[in-house]
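*Asks:* My request is simple: use the sequences and hints to build the entire structure.
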Amino acid sequence: MRSLWYGGDEVFCPCCEGKFRMFLPFGAQQRTNAICPKCLSLERHRLLWLYLKNKTNLLSKNLKVLHVAPEYLLKKSISVLPNISYLSADLQPNEAMVQMDITDIKYPNNVFDVILCSHVLEHIPTDWQAMAELCRVLKPGGWAILHVPLDPKLDKTLEGSSDLSPEERERLFGHHDHVRMYGRDYKEKLEKAGFTVKVDSYAQELGIDNIKKFGLMADEDIYFCTKPLSSA
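In my numbering, the protein residues as written are 598 to 829.
Please note: incorrect hints may appear among the correct ones.
Heads up, simulated DSSO-like pairs for lysine-lysine below, C-alpha to C-alpha not over 27 Å straight-line [as the list claims (entries may be wrong)]:
id: 1; residue 1: Lys-736; residue 2: Lys-672
id: 2; residue 1: Lys-673; residue 2: Lys-650
id: 3; residue 1: Lys-736; residue 2: Lys-795
id: 4; residue 1: Lys-673; residue 2: Lys-703
id: 5; residue 1: Lys-661; residue 2: Lys-795
id: 6; residue 1: Lys-652; residue 2: Lys-703
id: 7; residue 1: Lys-650; residue 2: Lys-809
id: 8; residue 1: Lys-635; residue 2: Lys-652
id: 9; residue 1: Lys-784; residue 2: Lys-672
id: 10; residue 1: Lys-789; residue 2: Lys-750
id: 11; residue 1: Lys-652; residue 2: Lys-672
id: 12; residue 1: Lys-652; residue 2: Lys-784
With beta-carbon atoms standing in for the labels, derived distance ranges [as the list claims (entries may be wrong)]:
id: 13; residue 1: Ala-729; residue 2: Ile-805; range: 29 to 39 Å
id: 14; residue 1: Val-695; residue 2: Thr-629; range: 32 to 42 Å
id: 15; residue 1: Pro-622; residue 2: Gly-738; range: 37 to 47 Å
id: 16; residue 1: Gly-605; residue 2: Glu-802; range: 21 to 31 Å
id: 17; residue 1: Asp-760; residue 2: Trp-725; range: 18 to 28 Å
id: 18; residue 1: Ser-798; residue 2: Lys-658; range: 18 to 28 Å
These aren't lab readings, by the way, just hints derived from the structure by calculation. It should be emphasised that the depicted structure is a prediction, and the values quoted were computed from it without experimental measurement. We put the beta carbon where it would ideally sit given N, CA and C, even for glycine.
*Replies:* Set out below in structure tokens:
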């Protein structure tokens with residue numbers, strides 16, 4: 598049945614470069630036009646890959662990259678780039694090249710040119726500690742994209758207590774093992790950790806036609822973080 602979705606060229610997946618009639622529904626709320634029928638990329642993966650290719654130096658400069666909790670389809674594309682020295686890391690020992698607790702990173706200061714960390718911080722009770730550690734190991738002048746689920750209607754991040762049931766977490770945060778839902782104060786949290794932050798409404802910049810073509814969320818922003826040169 599899934600092969601029926603392959604015919605057509607109304608949408609385009611930048612991750613696998615496949616053309617389809619539409620993306621498939623996905624998620625608890627069955628978001629329409631969400632998941633690629635070929636590579637299984639979601640909206641956030643497609644947005645991030647477009648941003649990395651079009652608005653960063655990832656493809657053009659020799660960079661040492663730390664990829665936390667690596668998504669397979671992005672790891673596959675980034676790790677083979679000839680200009681990239683790539684290291685993947687995960688809390689689970691068999692999920693990446695090295696095991697790493699990002700609240701206590703066993704690397705010295707100023708090691709990585711780039712850090713990619715998507716949909717990880719919402720699982721960590723002491724997220725402030727993880728943000729500070731990621732900033733510490735980033736080189737001055739380096740950049741990071743720390744992507745999280747975020748509700749733009751929330752002024753302040755909604756934190757959950759440790760005694761919440763999985764069902765309550767699902768209701769409040771969208772997933773049973775999330776400990777918070779970030780709000781618009783996420784930028785301030787990153788800045789407090791030491792980053793300079795640009796909130797880039799890249800999906801909006803692409804325009805409504807490309808939002809539909811690439812299967813993006815119109816209100817999803819990129820939080821582009823840099824470490825000040827003065828941190829050296």
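*Asks:* I'd like to know which numbered hints this structure contradicts. Please list them from smallest to largest.
*Replies:* 6
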